[in-house]
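Visitor: Sequence:
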Amino acid sequence: MQTALFRSAMFRTTRFKAALLKAVCLMLLLFAPLTALKAERIKDLSTVQGMRDNQLIGYGLVVGLAGSGDSVGQVAYTAQSLKSMLTQLGVVLPPGVTPQPKNVAAVMLHATLPPFIKKGQKIDITVSSVGNAKSLRGGALLMSPLKGADGQVYAIAQGDLIVGGLGVQGTDGSKITINIPSVGRIPKGAIVERTVLNSLGDSNKLTLNLFSADFTTASRMSDAINKHFGEGTARALDPISVEVMAPQDATGKIAFVSMIENITLAPGTAAARVIINSRTGTVVISSAVRVSQAAVSHGNLVVTIEEDKGVSQPAPFSRGGNTEVVADSKIDIIKEDNRMFVFDPGVDLNDIVRAVNQVGAAPGDLVAILEALKQAGALHAELVVI
372 MQTALFRSAM FRTTRFKAAL LKAVCLMLLL FAPLTALKAE RIKDLSTVQG
422 MRDNQLIGYG LVVGLAGSGD SVGQVAYTAQ SLKSMLTQLG VVLPPGVTPQ
472 PKNVAAVMLH ATLPPFIKKG QKIDITVSSV GNAKSLRGGA LLMSPLKGAD
522 GQVYAIAQGD LIVGGLGVQG TDGSKITINI PSVGRIPKGA IVERTVLNSL
572 GDSNKLTLNL FSADFTTASR MSDAINKHFG EGTARALDPI SVEVMAPQDA
622 TGKIAFVSMI ENITLAPGTA AARVIINSRT GTVVISSAVR VSQAAVSHGN
672 LVVTIEEDKG VSQPAPFSRG GNTEVVADSK IDIIKEDNRM FVFDPGVDLN
722 DIVRAVNQVG AAPGDLVAIL EALKQAGALH AELVVI
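When you number the sequence shown by our numbering, it's gap-free, plus one each residue, and the end is 757.
By construction, these hints were calculated from the structure, which means they are not laboratory data.
Result set (BS3-like, lysine-lysine): computed pairs, CA atoms no more than 27 angstroms apart in a straight line:
#	residue 1	residue 2
1	K490	K559
2	K493	K414
3	K624	K489
4	K473	K454
5	K414	K576
6	K414	K489
7	K518	K559
8	K576	K624
9	K598	K414
10	K518	K454
11	K624	K414
12	K624	K490
13	K598	K624
14	K490	K518
15	K489	K559
16	K489	K576
17	K518	K493
18	K559	K493
19	K489	K518
20	K598	K576
Quick list of simulated restraints, FRET-style, between CB atoms:
#	residue 1	residue 2	range
21	R565	Q420	20 to 26 angstroms
22	S629	A659	29 to 35 angstroms
23	A659	T483	29 to 35 angstroms
Even glycine gets a Cβ: it sits at the ideal position worked out from N, Cα and C.
Based on the provided sequences and hints, a complete structural model is requested.
Guide: What follows is the structure, encoded as structure tokens:
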């Protein structure tokens, strides 16, 4: 009996410990992201100086279109390009004869050459019509060179286009266009023929450039690297650059950069800004925005205009006059009650959004309120209009 009770007690104790351990693990999982939430990797905050993309551009012809190509009579360079290509391929046209197909379109090509890419590797390209082609759907790009800013050929492009747009036109002039049918892409459509020197260099130093200039982030990045590798390894040169002592040989430098990229740190808080898109009415308020005590009055003026038609007839038994249609206009002006709300000093983003939502301000009204607060000196943030 005692043995059974002992075993039962041991079972309950073991089950309690397991439940307690499970609860502790769950709490650690819940609270661990809170401590690391603000930490970001150096890889996500900066890039190594010398690792840069290069832009390429080219010109070519897309063939095989279903009658949606350039109107050769209006786009002369399409016919000239086609005639020149045929001549290079050994097809000699009679003098004075200009080809006028409707299944060819002149296009511009552009692509990005990533750093450290090698010969024979492939990159994506974008193809855009430069004539009056209605659609590039179903077309194929013929072999076209892609050049860099120095005029050298770095890649050769060719392949079938992928077009996300669609355009349909009827004989009566009606048409429907979905997305942009005059632009397409060719994944892995260009083969690299020339590389760009993007070496990390033979120096025992490398420079990390921040994506956004910030004194606090640069200082914290330098401190984080020194804490990991020892004092004197890194120093901040300016708000955007951090110089790091690195191994001389390339193999050691690659392993060193790999370790640096995975060091985490808490970046500096961005400056208080209010971004306003004047075209779409979009307003973005950063979390660092603060407002001093201010009272805001908000009201709307609603104007309604109704147009109606009436008939004016001459009096009965009258000898003159005509029956006419006259306009009957009604204009109503309703001025809604002004709404006033007060911002307490030092309110944060949540308070601003809550106060504006309570009065039902539209995006355009919100822009006017923020501009007025800025002029009054109550909005402690940079107001940026894009």
